[in-house]
Every structure is written in C-alpha cells, then in structure tokens.
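Given only the sequences and the hints, what does the whole structure look like? Please build it.
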Amino acid sequence: MRIEGFLQGSASRRPDKVALVTAGERLNYGDLDTLSDRLAGALSSRGVERGDRIVLFMENCREAVVGIFAALKAGAVLCPVNASTKPDKLAYLLNHCRATALLTHGRLLPAAKAALAQAPSVALTVATGRAGDAAEALSFDAALAASAPRPNRAGIDLDLAMLIYTSGSTGRPKGVMMTHQNVAAAAASITSYLENTADDVILSALPISFDYGLYQVLMAAKVGATLVLEKSFAYPQLIFETMAAERVTGFPIVPMMAAMMLQQKELRRGAFPHLRYITSTAAALPPAHIARLQELFPQVKLYSMYGLAECKRCTFMPPDELRRRPSSVGIPIPNTEAFVIDANGERAAPGVVGELVVRGAHVMKGYWEDPEATSCVLRPGPHPWEKLLHTGDLFRADEDGYLYFVGRRDDIIKSRGEKVSPKEVENVLYALVGVREAAVVGVPDPILGMAIKAILVVAPDAGLEPEDVIRHCKQHLEDFMVPKFLEFRDELPKTESGKISRRRLVTALAEAAL
Amino acid sequence: MLSPDGEFMMRSETEREIRKFIEDSFVFREDRGGLSAEESLLDAGLIDSTGILELVAFLESAFGIAIADAEIVPDNLDSIQAITCYVQRKLATETRAA
Numbered sequence: 001m002r003i004e005g006f007l008q009g010s011a012s013r014r015p016d017k018v019a020l021v022t023a024g025e026r027l028n029y030g031d032l033d034t035l036s037d038r039l040a041g042a043l044s045s046r047g048v049e050r051g052d053r054i055v056l057f058m059e060n061c062r063e064a065v066v067g068i069f070a071a072l073k074a075g076a077v078l079c080p081v082n083a084s085t086k087p088d089k090l091a092y093l094l095n096h097c098r099a100t101a102l103l104t105h106g107r108l109l110p111a112a113k114a115a116l117a118q119a120p121s122v123a124l125t126v127a128t129g130r131a132g133d134a135a136e137a138l139s140f141d142a143a144l145a146a147s148a149p150r151p152n153r154a155g156i157d158l159d160l161a162m163l164i165y166t167s168g169s170t171g172r173p174k175g176v177m178m179t180h181q182n183v184a185a186a187a188a189s190i191t192s193y194l195e196n197t198a199d200d201v202i203l204s205a206l207p208i209s210f211d212y213g214l215y216q217v218l219m220a221a222k223v224g225a226t227l228v229l230e231k232s233f234a235y236p237q238l239i240f241e242t243m244a245a246e247r248v249t250g251f252p253i254v255p256m257m258a259a260m261m262l263q264q265k266e267l268r269r270g271a272f273p274h275l276r277y278i279t280s281t282a283a284a285l286p287p288a289h290i291a292r293l294q295e296l297f298p299q300v301k302l303y304s305m306y307g308l309a310e311c312k313r314c315t316f317m318p319p320d321e322l323r324r325r326p327s328s329v330g331i332p333i334p335n336t337e338a339f340v341i342d343a344n345g346e347r348a349a350p351g352v353v354g355e356l357v358v359r360g361a362h363v364m365k366g367y368w369e370d371p372e373a374t375s376c377v378l379r380p381g382p383h384p385w386e387k388l389l390h391t392g393d394l395f396r397a398d399e400d401g402y403l404y405f406v407g408r409r410d411d412i413i414k415s416r417g418e419k420v421s422p423k424e425v426e427n428v429l430y431a432l433v434g435v436r437e438a439a440v441v442g443v444p445d446p447i448l449g450m451a452i453k454a455i456l457v458v459a460p461d462a463g464l465e466p467e468d469v470i471r472h473c474k475q476h477l478e479d480f481m482v483p484k485f486l487e488f489r490d491e492l493p494k495t496e497s498g499k500i501s502r503r504r505l506v507t508a509l510a511e512a513a514l
Numbered sequence: 515m516l517s518p519d520g521e522f523m524m525r526s527e528t529e530r531e532i533r534k535f536i537e538d539s540f541v542f543r544e545d546r547g548g549l550s551a552e553e554s555l556l557d558a559g560l561i562d563s564t565g566i567l568e569l570v571a572f573l574e575s576a577f578g579i580a581i582a583d584a585e586i587v588p589d590n591l592d593s594i595q596a597i598t599c600y601v602q603r604k605l606a607t608e609t610r611a612a
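Protein chains in written order, with this note's numbering: chain A, 1 to 514; chain B, 515 to 612.
Treat the hints as calculated values from the structure; they're not laboratory data.
Every residue gets a Cβ at the ideal spot worked out from N, C-alpha and C, and that includes glycine.
A couple of the hints might just be wrong.
Some but not every residue of chain A turned toward chain B, in silico, with C-beta under 8 angstroms [to be verified]:
(1) S232
(2) A234
(3) Y235
(4) K265
(5) D479
With a straight-line Cα cutoff of 20 angstroms, these simulated EDC-like cross-link-like pairs (lysine to aspartate or glutamate) come out [to be verified]:
(6) A:K414 - B:D562
(7) B:K604 - A:E266
(8) A:K494 - A:E369
So, in structure tokens, the structure goes:
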C-alpha cells in the first residue's frame, strides 16, 4: 500500500475521528484527507510531477502534517529537513536532491530565500502565515482553501516515498531512499509490537524532520489513532498538562527528554493513568533512568529501542524483559532479522563483538545518487536478489539472543538523540577566519547524552573570542550541532601521518575526567 | 518599600540584565536587528529545551530565586517582558516572606 493510503483508509472508515491536535485545535480524518487532497492538487497544478522531490522545511504543526500527505498524494518524494537548518546547508540539500518544491513557514522565508537563491531547481515555495509578496511564495491558506483538480496517478508502492538525510562521517549528509513498501513494512512492524490501535492517543514532541517523529504521523494515520503534535519539549510542564487533559496513551521520547522529566522535582508517581507506553530510542537510555521511569510509571510499558535511518528501526526490547536486561536494546523488530557478524563476515558467537547487520523489507534502497556510499553499506545477502544492511555499529548478543549496543565504528556523536558529524562541524569552524586547526569531540553530559566540544587552535592575531566562534556556528549549523564547550589550545595531537587525532583527544579528555 | 522611582529603576535594571543574557546566549543572526521586549522567544525560534534549562539556571543564580516546575511556562518565560515581570513578582514575594 502507498503511505497516503493510511490516511485515505482511516478517513473513509471514520471521517469524524480526531486525527490531529495541534496548539489545542482539532482536525478530523475527513478534513485532513480533504486538505491534503487540495494541497496535492495545488502542487500538481503548479508543476510538481510524479517522482519530484519536495523539501519540507517546517516545525511540527498542522500545515506540516497536511504537507506530508499532500506530497505523497502528488506522487512526489518527501524530504523533511530540520527547521533549524541554516541557509548554506538548506541550499546544499535542495541542490543535492534537485528539489522541485519547498514547503516552509513565513518565519523561515528569509532563511529559505537565501537558500533558494542558490537552488535553481526549486520552482515552487509554499509558506504558512503571511507569505509576503505573492510572487515569492504561495500561501498555505490559499492552497488549502481552493479546490484544485486531484492529481492523477500518484504511483505504486515500489516508488520512492521519502529521502531522509542523515549525517555521515564525511561531513556531507546522505539521502536515505525509502519506497512506500519500505515505509509500510517498517510501520507495520512497529505498530505491531507497540500494539497500536485506533484507541491510542499519541503525544509527539519529536521533530517531523527526524524519522522517529515523522513516523508518529504515519503510524497514527495507519491505525486511525489521534496524534497530539507538540512543537518541542521546551516546556515539560505544559506537555504533562496536555498528556493528562488529552488522556495520552503513547509517549515517544529520546533519552534527553527522559533526563529532563526526571529532573522535575514535582513529578508524581502514577501521574498519567491513561498512559500505556513510552518508547525511547536515538541514544542509550541509562539503566538508572530506566529504573526511575519504571518506578514513576509502574503501569506503563517502557520500550527501549535501536534503529538507524537506513532501515528506520532495527530492534526493540520487550518491556517485560527490560528489568532483567536494562542495557540491552532487545531483539529484531517483527518480520526482520538483525545479527552480529565477526571479522570474517560470519555470524558471531554470543559475547563476540562485531558489526550488526540487518535484513528485512524495511531496509533502504540506497543513498540518493551515491552508488559508492551505497555499496559500502548494502552488500549481497543470503538471497541473490537481496541486500544486507551493514549498520556500522558494534554490537554483541547474549546467550538468549538479546542485542547490546557496544559503540560506533565511525566518529559520529549522538547529542540530544541527533547525529552530529564532527567533520561537518569542523568544516564550519574552518570557514571562520583565524581558525587554524579544529577538532570536534563528544563529552558525556547528564542531559544531552553527549555534548559537543570544539577544540581550536586559532591565529593569535585573529582576535577571535569564544562568542565569535559560537555565533559563527549558530549561523551555519543546526541547533543540536552547535558546540556546547569550546577550548582554545596551542596545538592539537596528531597521528603519525600528521592528521589531527580525535581519538587521542577523546582519550585524554576521558582520563582527565577521572 | 521602594519609591515608585526606585521600583522603576529596579525594573529597568532587571530587564537590562535579562536582555543581555538572552542576547548573549541565544542565536543572533545579523539580519534580526534586535529583539523587542514582547517578542515570543519560542515563535522566533530563538530558544529550545536546552535554552529554557539555561535560562532557568541563569535566573535562579542571577536573582537568587527558586523556580518551581509549574512556573516553567511560556506565560512566565517566553519574552523579555514576561521574564522581567515574573522575576519582579518572585522578588517581591520572596522579600515579603523574608
């Protein structure tokens, strides 16, 4: 089934059921279906064709959800991009996928325009609010009010549904290609182990530019549940009030949110009687936090999970087993396989650390227009028609087959549950006049998981202050990539070949912390 | 009791300190051209969850107040003006209680 079918199915079965709650406003399935039809018609009539890429540069809001389904209905490929992305990187992404259209907010138009000036493929911009000069952007309100002819054939489920850009060690993000079949397989597997039904009320404060957040929208539509979509977890108190008022049954989080929740002095045991499950992924959930969450919410099923953009989700821990194995990320999700291979590429024995490989219908088709990077991670599998995904993550299995994340093979840092490429941050630092050498590493942080630290050697006459460096980073990087710590040094440790050694820096920092 | 002039001066000073922290700590893209006292920090995309934590830590330390979980809401924190009023209320309450 194509993914917009999730919405169409739920709308035809229960058009009056509340699909979405945003900023206190309710939208039912029938209306969500109608609005996304109208926007799809507006996109198609303005030149969006089957297979075209549409970049969604938006925060969590009603129009973003409409935009997701509209893009799919128009037969386009959805490319969600973090709303804090700065113009240079947005231009890079628009050009990389040769996007035809951009969906964004009025507030983000200045940044979008700066990017669009360098991205000639984009023929159409749709913006919320006062879109300013009508020539520069079509307003969402106008597109949603008018009834445009429905686009014809959107495609089949073998076609691409989305490109999820993911950071890599090279410093340039790669576009994970997911077909409708891939997404449907992942959504079916996940909703089955979470036991989602139409009675669920899911509260998500995760950005829709993150596959974890995007799938909350898709999976809610699949089962006909209600999604309460929040912009951020900036005000936990308000989120808790909403959880109680809306009788939320499902709460997907990342470990940073758990850390913030547990810092609340006034959180009472059994505070959310309707809450059925909490899921956590994107970074390791500390066993101490697992224990405290279980104590605070004894009736709630806590799912500790692991995944990567290249297959959406890989493993989940059955809640009943969590107490016995709090540091495990569990077993492969239903209808998939995931196992550890040793240095010879053979299945590893229990306890042996090796790379985790994955097979299943959820595995990506490859990286957009990057056959070389694709061939590094998608390699022949057991069947001649099959590719096995090499995750690049080090794992071990125990005697009972439960999997444990050991570490990454590359230098990617997980901060706030987001991937940060040290090279990408270093490239931005080197663009600042006066920076001679730069190394970016992760340092443990009780809230963020890992915090980003930049260690710099600057030219003495450059007059660079820490504020200058941070301001420069904020102008070019997403929020979660901006270093929290900065250190100026006279020199950085090098490898034998003269390259800066991040490993030696990390080791030295860890030793100093002891 | 402070004279009306004294209160006005205290408020201005409080607002100045708060503005300085906000401007120093959070994004300042050159094209923004200064933040108005009433502008919503969240809507402007200037502050996120870690930003709120930093703001709360700063207010507690700079003004010697204790901020309860339930007080971490946009009504109290989402603009320079809201923060200033909130801090003033807290200081008045804590002075009376002392």
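Hints versus structure:
1. S232: holds (6 angstroms)
2. A234: Where the cut-off is 8 angstroms and the nearest Cβ of chain B is about 5 angstroms from A234 (chain A), the hint holds.
3. Y235: Nearest chain B Cβ about 6 angstroms off; hint holds.
4. K265: Holds - the Cβ of K265 (chain A) comes within 8 angstroms of chain B, reaching about 6 angstroms at its closest.
5. D479: holds (6 angstroms)
6. A:K414 - B:D562: Judged against 20 angstroms, a Cα distance of about 18 angstroms means the pair holds.
7. B:K604 - A:E266: Answer holds: K604 (chain B) to E266 (chain A) is near 19 angstroms, not above 20 angstroms.
8. A:K494 - A:E369: violated (34 angstroms)
Hint check: a violation occurs at hint 8 only; the rest are consistent with the structure.
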